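Student: Chain B: place on chain A using the hints.
Residue numbers (the working numbering), protein chains in the order written: chain A, 4 to 135; chain B, 5 to 136.
Please keep in mind that the hints were generated in silico from the structure rather than gathered at the bench.
Note that this is a predicted model, so its numbers are computed, not measured.
Don't take each hint at face value.
Unchecked claim - Below 30 Å or equal to it, Euclidean Cα-Cα: the simulated BS3-like pairs (lysine-lysine) are:
| id | chain 1 | residue 1 | chain 2 | residue 2 |
| --- | --- | --- | --- | --- |
| 1 | A | Lys56 | A | Lys115 |
| 2 | B | Lys118 | A | Lys129 |
| 3 | A | Lys121 | B | Lys55 |
As the list claims (entries may be wrong) - Have a look at the derived ranges for each label pair, beta carbon to beta carbon:
| id | chain 1 | residue 1 | chain 2 | residue 2 | range |
| --- | --- | --- | --- | --- | --- |
| 4 | B | Glu40 | A | Val96 | 37 to 43 Å |
| 5 | B | Leu52 | A | Asp59 | 26 to 32 Å |
| 6 | A | Gly100 | B | Glu122 | 24 to 30 Å |
| 7 | B | Gln7 | A | Ala12 | 20 to 26 Å |
| 8 | A | Gln132 | B | Arg17 | 30 to 36 Å |
| 9 | A | Gly67 | B | Arg98 | 40 to 46 Å |
| 10 | A | Trp58 | B | Glu81 | 21 to 27 Å |
| 11 | B | Thr11 | A | Gly100 | 52 to 58 Å |
| 12 | A | Trp58 | B | Pro73 | 24 to 30 Å |
| 13 | A | Trp58 | B | Glu59 | 32 to 38 Å |
| 14 | B | Trp64 | A | Gly50 | 30 to 36 Å |
| 15 | B | Glu58 | A | Gln132 | 36 to 42 Å |
| 16 | A | Asp60 | B | Glu40 | 36 to 42 Å |
| 17 | B | Gln7 | A | Gly100 | 56 to 62 Å |
Glycine included, every Cβ here is placed at the ideal spot set by N, Cα and C.
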Amino acid sequence: MRDETQIRAVLEGWATATRKGQKDQVLANHLADVLIYDVLAPMKYEGAAAYRKSWDDWQPDTQGEGQFDLQDLSITVGGAVAFAHGFIKCGGVLFDGKKFEDLVRATFCLRKVSGSWKVAHQHISKPIQLKG
Amino acid sequence: MTQQVETAERQIRALIEAWAEAARRHDLPAILAHHEQNIVMFDLPPPLQSKGMEEYKATWDLFFKAHKPSQGFDIEELTITAGDDVAFAFAIMRCETDAEPGGFPFRLTIGLRKVGGEWRITHEHHSIPAVD
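The following block holds chain A by itself, in its conformation from the complex (with noise of 0.2 Å):
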């Protein structure tokens, strides 16, 4: 119960991060190797810089204080290997005015280094129609 504890806290602090646009607090606890899925292009992320150059370059941003907040998360724990699903409820008001809200689906695993749980692979997405 205790390693489902912290594995939460660390996915509601990335989420606050997150929602907050504290750029250099987002992968406070993710590895520098990890590889992430994003629910925009491109394909992956390999690395934690790879990501955060992606901050500065683009990843839209809100005015003020947007909603970005996990929801109906499910851990499964087991020694020092983990992984957790969930939803993220995310939206708000981009810098052109347009509104935004969505729910997109997140899956994150995790590895626990030296006695803390780390982020090393997470997928975020949303369902697409394909064509055909």
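Tutor: Quick look at chain B alone, frame taken from chain A:
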């Protein structure tokens, strides 16, 4: 890496390769052979999630319509992290369909638990990046 972890990762790699091979030949019982009844699936096309074996099974109907047994459903990159009784894997896959004969890449994350001495899939997340 301990011998136990090496063995677990080898078993999980074989399981995922067998699953992809079963999907290529549309062998539904073999596709479902290593999944838990309470599987939670985030599939590439809608819906947002599919909960439980019956809903997971139903996601394959759409796949069987779009994909023919001679077409690819191939693992291009696969990384596995295993603990004693919990593991995760993430992959870049390529799927060929009539609409996309050259195939398109997609992202896959899998969560597993060891139940009764065998690795079982409890979570799958398939996606492509959203366009907007």
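Student: List in ascending order the numbers of the hints, as given earlier, that are violated by the structure.
Tutor: 6, 7, 12 and 15
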